[in-house]
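Protein chains in written order, with numbering that gives the first Met the number 0: chain A, 0 to 332; chain B, 0 to 332; chain C, 0 to 331; chain D, 0 to 331.
Since the hints were made in silico from the structure, they are not lab data.
Each hint should be verified, as a subset may be incorrect.
Straight-line distance between alpha carbons at most 25 Å, and here's what the computed BS3-like set of lysine-lysine pairs gives [stated by the list, open to error]:
#1 A:K227 x A:K186
#2 D:K265 x B:K45
#3 C:K324 x A:K319
With the Cβ distance kept under 7 Å, some of the chain D side facing chain A (calculated, not the full set) [claimed, not checked]:
#4 H111
#5 I125
#6 G135
#7 F138
No residue lacks a Cβ here, since even glycine has one placed at the ideal position from N, Cα and C.
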Amino acid sequence: MPETAVATRELTLGEAVREALAEEMRRDNRVFVMGEDVAEAGTAFKVLSGLVDEFGPERVLDTPISEAGFTGVAVGAAMTGMRPVVDIMFGDFVGLTMDQMVNQAAKVHYMSGGKWRVPMVMRATLGATRRSAAQHSQSLHAWFCHVPGLKVVLPSTPYDAKGLLKTAIRDENPVVFFEDKMMFKFKGPVPVEEYTIPFGVADVKREGSDITLIATSSMVHVALGAAKLLEEYDISAEVVDPRTLWPLDEKTLIDSAKKTSRVIVLDEGYERYGVTAEIASVIAAGAFFDLEAPVKRMGAMHVPIPFSPPLEDATVPTEKVVFEVARAMCGQK
Amino acid sequence: MPETAVATRELTLGEAVREALAEEMRRDNRVFVMGEDVAEAGTAFKVLSGLVDEFGPERVLDTPISEAGFTGVAVGAAMTGMRPVVDIMFGDFVGLTMDQMVNQAAKVHYMSGGKWRVPMVMRATLGATRRSAAQHSQSLHAWFCHVPGLKVVLPSTPYDAKGLLKTAIRDENPVVFFEDKMMFKFKGPVPVEEYTIPFGVADVKREGSDITLIATSSMVHVALGAAKLLEEYDISAEVVDPRTLWPLDEKTLIDSAKKTSRVIVLDEGYERYGVTAEIASVIAAGAFFDLEAPVKRMGAMHVPIPFSPPLEDATVPTEKVVFEVARAMCGQK
Amino acid sequence: MSTAIHPSKAGSETEADRCLRMYRRMVMIRLFEENVNDLYTRALMPGLAHLYIGEEAIAVGICEALTNDDYITSTHRGHGHCVAKGAAPDRMFAELLGKEAGYCKGKGGSMHIADPATGNLGANAIVGGSAGIATGAAFAAKRLGNGRVCICFFGEGALGQGVLYEVMNMAALWKLPVIYVCENNMYNEYTHYSETTAGDILTRAAGFGLPAESVDGQDVRAVNAAASRLIEGARKGAGPAFLMANTYRFTGHHVGDMSRDYYRAKSEEQKWKAERDPIKLFSDWLTAQNMADRAGLDKIQSEVKAEMDQAVQFALAAPYPAVDKVDQDIYA
Amino acid sequence: MSTAIHPSKAGSETEADRCLRMYRRMVMIRLFEENVNDLYTRALMPGLAHLYIGEEAIAVGICEALTNDDYITSTHRGHGHCVAKGAAPDRMFAELLGKEAGYCKGKGGSMHIADPATGNLGANAIVGGSAGIATGAAFAAKRLGNGRVCICFFGEGALGQGVLYEVMNMAALWKLPVIYVCENNMYNEYTHYSETTAGDILTRAAGFGLPAESVDGQDVRAVNAAASRLIEGARKGAGPAFLMANTYRFTGHHVGDMSRDYYRAKSEEQKWKAERDPIKLFSDWLTAQNMADRAGLDKIQSEVKAEMDQAVQFALAAPYPAVDKVDQDIYA
Ligand SMILES: Cc1ncc(C[n+]2csc(CCOP(=O)(O)OP(=O)(O)O)c2C)c(N)n1
Ligand SMILES: Cc1ncc(C[n+]2csc(CCOP(=O)(O)OP(=O)(O)O)c2C)c(N)n1
Ligand SMILES: [Mg+2]
Ligand SMILES: [Mg+2]
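Using the sequences and the hints given, assemble the complete structure.
Structure follows, in structure tokens:
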């Protein structure tokens, strides 16, 4: 978080994203945005509203509904002097782009012996509970984390979103940037002054001594809520947000685990074969001799996200469930 | 493995796959194969040679180079009475099919409230060291393991390949079946009599008491080789092959871990955010109080697979490296 | 082999019967959608929905030419296709409200209604996402020799999805009984299709070997005539075809899309509603032909309204699925 | 702004100079590939390679119309494009052998040679995989106003990949300076393209708004004439175009594809080699025009042969990269 000295104002996560884009587009005219309904409509989530008015339709470019195609166009444009930021409306659509991102964007630099570079950003959304059903509610970031050549960013606050997106745009490599579609209206302090946030630096969102809650994106707020509830039971929970999953700040995560000796890993992606597995095994190995209990993983239930509200709500970890699991881990029933 | 009583003959893994397909196509005329160069060419790896002669071009169907398209056709055909087996020449191309497999095949049953079914099989390859470079050497099965609605199978022997493929074809759900392209010529005993192998049942390829090597596909043989080397140092290694990654036979893996108290997890997919992470965290939690040392993960190096032989060979775990790591874990230097 | 949606259809019905059945279907869709919008504005429906108002003649004209066993695949804007293929409004509303009594036990919602009983392979929330499924169903129909045809409904925005061309190519190569129906309402969400679609749509389809034609999507009789011809051709083995139906959505992209001035003019909407309303056009024709009089059409209106009110009440009263159903139906 | 591949090109060269330069390039490609095959059969090359023998006129005729700064994207069958765009054979052979001195430090191999110095965005082992990259390079060229053009080479098999149509649509919408060059050698690996390609190829491109034409891919002068016209048009802002070059690969799909009888007749191969060899056709024309005599052409042959022998020796003698280079160049 910004030091208290700094002058800040409250922005929503969506406003923070837009501000980061606007600042980078002013700074570097090679930066441009492309995607479906990004211009006049400002995206389906209205995150980019107004951007086209300042930068025009050449730099805020509406595309056909061709996720694979425009992602490929971005790869080529990035190789030859531009800095594309592609917008994938729903993260569920990344399946259409996997070949372009994995076989092209991620490998061009290495396959060319380091000669060509692909400085592009893919912005996509994640998150359920929007009543959007199975094809509009997935959090598929784990796929990209598995692929060398890509970097993966999951901001959890307006402050992090702005600072990390600016860093992503300046990065010389393909970066996949996931925003929780349920958090676009979430408000938080953002400095008036320009700033960036380096990749690979986890952020301790809350200090604690009894248990560590490692959480990403939307789950950071579930963790903070659970930590509040735990406080009333004299359990001091530390909440750590890796912020970037690749590169991953293993040291900060492991140090917190060593300090508290108990860890829950929270991520909105599917629990099985996902982000929680990687982080849990990093902790289990790195803090092996300090853990009082097995690392607990909590991710999305292994089910296509259902539409029906009571069912959908059951698929994602909640404050209450995290609170109860944490209490049990700390020996309280 | 088949009981010694059973009459067997030696088949290559490729022959076992072909035999499984031929038997299922004879048994059920709804079963058909589609993919690029599967008919007269019998695939680029010649695995299906001769199949078209027996079943004709209507059931062994050459397609355009349209992985997304023919995978989608398979989904629809499976919903309406056929049993498609699609052939993805190189597993690297699955990126093109992720939307069809993940947003369609995996979800149709659930989204329809259990009404429509998608009994299809996708056969794909994995594995490096073929000097095929970054776009023809990946092992991307972890992506599918992360997706509810799919089942994922990785056979390591001709016996397992035949029995598991027959089960896959008879399954009422979409199954992704990964064959190591370097193992098509690998020979092993296969019963003359028909048999199938249930999903979710791990196979202990070698009994041991000092350390457990959990390995998939190609890595099973690396593990067995390492086990031989360890024997000479009086280290008894158990080699366990999950065979299906989803469903996953957690009990057998955990029981072996409890027995030996030391575990190495081997998989040819990328180590980061991959199969080794899931299995390692399952073991770390399930055998928490029995482990003498952190679970060690060994997968592909986090790098696009290089073409140059000395570089490529450095990206995949070898017998020797596994042997050394295992020795160190068992307290020998 | 394949039975008609309505017993009557088989029998000795008159042209008037056929037309009035189509009229009733169009009214059903219109009133269904108006109720959906009402449920949304009253905050009784979770999530969003994409209304088919203004496009009713396409689904009805085409499904009238299908048998019950024939297949359809649908889109995010799928309520109209679903009703036209014979689904029951009460179970559709129940699905839209996430209730156990819905077609998908509440697990699918507005964008995923599917119903094997009426050959509905399912709506799809991925633009172009059902092109493969539709082509595969036609593949199976040909292999199994059951004489079925599949209709692949999609909006012109799906012309941006490469998989559409991949499967049209295979359908043409293998002479599959599938008709690709492009509902060209001129907008991909909030972007006019001319900004996203180069060249000529019919020429695209022709380039892949499909006979391609366009039809006035506001004229249910024209749609039905074209569809009947193409469907019977496909049934007889002529292979796939491409039909573009020119139309317009009268309301927002979805129920939440209220202020649309930034992407299309009010006057444009008004003109279409005033001059090109498929239901009004058809009722004028019906009365002009003396196939029906005002009173008769009004009677249909009120019958359908009553049916919809009942259906909504049923859905509102219906229970949600028990939470423990959440992890059922993942695997068959 | 953009400089010529050969200094000479800019200067006061004659038509004969141009033709002989193209002839030399074609011979370079032919002999390069013969050496690749030789390295493979002598088990000196790791992996496989896809030879361009028989198709030389296409790469040479087209790249002759490009400047050094113009871009190309290439395919699994990419050696010819690479040589034609000006790459050095010694470093190409080094790459094929996985040596540090190769264009990609040995990390790419036969299917991934890339070279910024000659505008080569890289070969690609994914069929159709470079269509997006090529279109993106044209997008950048237009935005940056640097007057560059991009050539997207691909085989007719890539017509099966939907992404090709997605990007052609965008290229047409945005008038991007990219020429899609379809090298139609009639086979997708081991399957004749007529079994995989419905409709009409040029009509497909036209449907997406691209001017489309075909050319005799064995006639380097015809290819060069068509390419020059389309490239200059694109440079002037006319937008993208589609050029289909009809050709034939004289050898196997890859160096290991020896017995081909099951998918194509020996007689077919013999006929093409005897009657449609682009190098023989061109040398006949050159001599008929008195632009060169046998001796002159033989001299070129032996000069190129010497160059290739040297290049192979260089590559064979070159060291492999140190193993610790394996995890360099993953991130910039
Ligand atoms: C692959 C994919 N990309 C983007 C979207 C988001 N989206 C939903 S509807 C829509 C516009 C579709 O336009 P069209 O196909 O013409 O159908 P219409 O809404 O006009 O009926 C878009 C872009 C999606 N659902 N799927
Ligand atoms: C997406 C994808 N699918 C399949 C392959 C395997 N493959 C390599 S070359 C080839 C045939 C390509 O034919 P064509 O495009 O005509 O090029 P040609 O080999 O004839 O030059 C195939 C199917 C691939 N490399 N990429
Ligand atoms: Mg539309
Ligand atoms: Mg070809």
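Here is what the structure says about each hint:
Pair hint K227 (chain A) plus K186 (chain A) holds up; C-alpha atoms about 19 Å apart against a cutoff of 25 Å. For the hint pairing K265 (chain D) with K45 (chain B), the CA-to-CA distance comes to about 21 Å; that is within 25 Å, so the pair holds. With a C-alpha separation of about 21 Å, the suggested pair K324 (chain C) and K319 (chain A) falls inside the 25 Å cut-off, and the hint holds. For H111 (chain D), the shortest C-beta to C-beta distance to chain A is roughly 4 Å, which falls under 7 Å, so the interface hint holds.
A cut of 7 Å between beta carbons decides the hint on I125 (chain D): the least distance to chain A is about 5 Å, and the hint holds. Here the hint on G135 (chain D) is kept, as its CB sits about 2 Å from the closest CB of chain A, short of 7 Å. Hint status for F138 (chain D): holds, given a least beta-carbon distance of 5 Å to chain A, under 7 Å.
Hint check: no violations occur; every hint is consistent with the structure.
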